[in-house]
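K.L.:
Residues per chain are reported as follows:
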Amino acid sequence: GQQVMQIPQYQHVQEGEDFTTYCNSSTTLSNIQWYKQRPGGHPVFLIQLVKSGEVKKQKRLTFQFGEAKKNSSLHITATQTTDVGTYFCAGRFRNAGKSTFGDGTTLTVKP
Amino acid sequence: SAVISQKPSRDICQRGTSLTIQCQVDSQVTMMFWYRQQPGQSLTLIATANQGSEATYESGFVIDKFPISRPNLTFSTLTVSNMSPEDSSIYLCSVDTEAFFGQGTRLTVV
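Here the protein sequences come in this chain order: A and B. Its first residue numbered 1, the first sequence is counted upward by one per residue in this note's numbering. Its first residue numbered 1, the second sequence is counted upward by one per residue in this note's numbering.
Everything labelled a hint here was simulated from the structure, so no lab data went into it.
Listed below are the simulated EDC-like cross-link pairs for lysine to aspartate or glutamate, each with C-alpha atoms no more than 20 Å apart in a straight line: (1) A:K70 - A:E54; (2) A:K98 - B:E54; (3) A:K59 - A:D18; (4) A:K98 - B:E58; (5) A:K57 - A:E17; (6) A:K57 - A:E67.
Non-contacting residues of chain B with respect to chain A, defined by C-beta distances greater than 10 Å in every case (computed): (7) L19; (8) G52; (9) P67.
All residues carry an ideal CB built from backbone N, CA and C; glycine is no exception.
Generate the whole structure from the sequences, applying the supplied hints.
P.N.:
This is the structure:
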């Protein structure tokens with residue numbers, strides 16, 4: 001079946017360090033969405049990328065969608081303790097009415 | 001953005017019983033989605049619920065175990081039937097673009 005692979009599974013950083021999580025698909029995606037889930041919480045929508053090569057920024061977060069629309073990344077600059085949680089990507093394949101979630105990357109930040 | 005209300009927020013149930021989870025949206029939506037998130041895992045789509053038609057279930061999920069209702073464009077229910085401890089999960093509903101989730105129902109089966 002169509003899958004979205006997300007790496008790494010876990011990332012431990014010192015506060016102030018950067019963080020990146022990557023999502024890859026073997027087939028072209030229509031769009032990709034990113035979510036953040038705090039411990040004990042529910043997934044919260046961060047952003048959707050649609051265009052090939054698209055780059056979007058939200059304060060310290062930078063989201064990229066690959067030229068081939070098969071991969072995406074989320075980069076956090078100078079992490080803070082408030083960034084802790086699990087980050088999920090969800091890719092929508094062409095002709096599919098639903099998105100497929102990656103396994104998530106759990107970020108911990110040491111003060 | 002859509003506001004999604006889900007209840008109950010959590011429940012502890014005896015094995016063999018059933019629980020119905022409600023999802024209410026503050027605007028009319030075409031599609032509603034039900035997800036399961038097992039402990040420490042990602043989200044897995046259970047089914048897509050369209051108003052006026054039977055829900056479409058994903059591989060590994062069946063109607064007898066997870067019956068869904070969609071009586072109108074703002075409401076849906078998911079029932080977890082004949083529960084076992086393996087059904088202990090967070091169940092979430094989402095709408096149309098899947099950008100918005102309800103707060104989830106944290107189910108523990110004992």
